[in-house]
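Peer 1: Take a look at the letters that make up each chain.
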Amino acid sequence: MPAPSSHVAEVPGDENTAGDERAHFDSLIAREQRIEPRDWMPDEYRATLIRQVAQHAHSEIIGMQPEGMWITRAPSLRRKAILLAKVQDEAGHGMYLYSAAETLGADRADLTAKLIAGRQKYSSIFNYPTLTYADVGVIGWLVDGAAICNQVPLCRSSYGPYARAMVRICKEESFHQRQGYELLLTMMAGTPGQREMVQDAVDRWWWPSLMMFGPPDESSPNTARSMAWGVKRHTNDELRQSFVDMSVPQADRLGVTLPDTGLSWNGERGSYDFSEPDWAEFAQVVAGNGPCNAARLARRREAHENGEWVRAAAVAHATKRAARGGERP
Amino acid sequence: MTGHDVTVYESLANSGDDRRWAFGTGFEDPLAGVDMSVPSGVDGADLAAYATMLGDDALIASQRVAEWITRLPELEVETAIANVALDLLGQARMLFARACGADGSGRGEDDLAYLRDAHDWHNVCFVEGPDADFAGLVMRLALFATWRLAVFSRLRDSTDPILAAIAAKAAKELTYHRDFAAQWVVSLGDGTEHSHQRVQAALDALWPLVEELFLSSPVERRLQAVAVDPVMAREEFEDVVGRILEAATLRCPGPPGGGQHDGGQHGGGQGGRDGKHSEHLAALLDEMQSVARAHPGATW
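Chains as they are written, first to last, in numbering that gives the first Met the number 0: chain A, 0 to 328; chain B, 0 to 299.
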């Protein structure tokens, strides 16, 4: 189904209706109430949300890969069960986010085609490699932690289906974060080799995690409009600061050092000062030149293309059944 | 974050609702406090060996199924396959816990999973091989789940109450696995000409391995009322598989038991139950055990 344009186009010449709908939309936003799929919405609002929700859905699906590759090698059966359940959750998150995008008139197959053609983005964090099992824990602690900081405010997104999906997703993400942190605590209480693995993973994931909040506010062109529409609730820099403030005491308790010599408590601000991430690296990864961009997309494309004959068979079988017994395909 | 968001975050982070999480992913030992004593008249070593072989089937099958995650044709299939892998892993863990409780060796589930070499595993060879394509995956799962359900539905009456309880839980899961896989076998068989050929090829490749599923081992014969002799599962297996293949318009390559058990491929003897495996198992174990064995003395 193509993305419907606004209702205005369907009521040519009725300027009053258009004005009323616009006013109704604006008043819902102003009163912090939810926009629902049947409500009129500006085309730009719809397009912005489809982009946001689709990127989020793609991130969940691509995000299955860096951790999923450790399922077969998980070092205990309990860790294997935890990791399997987590990766399964991510597939589930992807499904209901694609469904939320479909309430806006997008189509999952079309969004998937855009992803594997490189025309839609996913979170750049998943373009970094997972090198040891400690990465599984650090992804839970820092990457899921950063995702939670980003996503909890989205439980109040102005778009109803997205906001409701985020409530459930945040609950599961917070469980994942706790499990990741618990793995790291266990490893830090283990052998010297395990402690080194944890520190090494923290060193590699800290800066990419800070980049998850996006570019600094002064170079984030869409932030102001997205905030006015209530589809974004805090600026990138505000969220980044809250993540740092949350993570530093957790790092202390864990017994790891965060790889930033500029990190220090600022009593005046009541927050930690920290150094700037390497935004040139961020730009490179977003542009598709990170360490694993090609591999992640290739895996997704391969799964999609290798599944083509299976999907075709399912359609053919459903059609035959319908023809035989009058059953709906 | 604003005060509102912090409150939301804290309520999320502190939610104590862990009940819906998959078996064994929580922070508590799910079998803590269960009476693991061996029923009178039952040999503990035999009981442990039996629980281990059933656990081995489940863990190796789970490992193979899990290899497919991120490679499947639809997201719905991703979640279903992850679910199957989780269920089988959960079955393996409970069966290993039963084994460790019965033999008095003081070992734990991870000792069984990570510290045994191929010749000490007693899974059927049927579960060892990798699947070349989705047709192979669903066909192997359909045959395996049909067989295992036929065994486990009888194991619910075991005189060992722990095995009986494990079997009761597992039978529900296996019913779902069988139905899920059978539906795909039917969709592929009755789908396009191409899918029909692929799923027929998968069946033809797996069929010679089916016979081994019905060979009873000495342990199974000795543990009469505790264990299920797989011979007892044969009629149900043949009936169910016959109906699946008919709906899928597939040709059965021949009766299981047509003397096709490939002793040569599996190194002679009776097969997996005796520790005689295909070359696939050692490679699978190399991968599965790599991290655990690389860090002796580590805790995870």
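The hints are simulated quantities; they were obtained by calculation from the structure and are not laboratory data. None of the values given here were measured: they were computed from a predicted structure. Incorrect hints may appear among the rest.
[Said to hold, decoys possible] Derived list of chain A stretches under chain B, where covered just means 3 residues or more per stretch with a C-beta under 8 Å from a C-beta of chain B:
no.	stretch
1	25-36
2	40-54
[Said to hold, decoys possible] Beta-carbon label-pair distances, calculated as ranges:
no.	chain 1	residue 1	chain 2	residue 2	range
3	A	L262	B	E286	51 to 59 Å
4	A	E275	B	R292	53 to 61 Å
5	A	T190	B	Q196	48 to 56 Å
6	A	G266	B	S104	51 to 59 Å
7	B	G107	A	E181	15 to 23 Å
8	A	T190	B	G32	53 to 61 Å
Backbone N, C-alpha and C define an ideal beta-carbon position, used for all residues, glycine too.
Peer 1: Please write out, lowest number first, the hints stated earlier that are contradicted by the structure.
Peer 2: 1, 2, 3, 4 and 8
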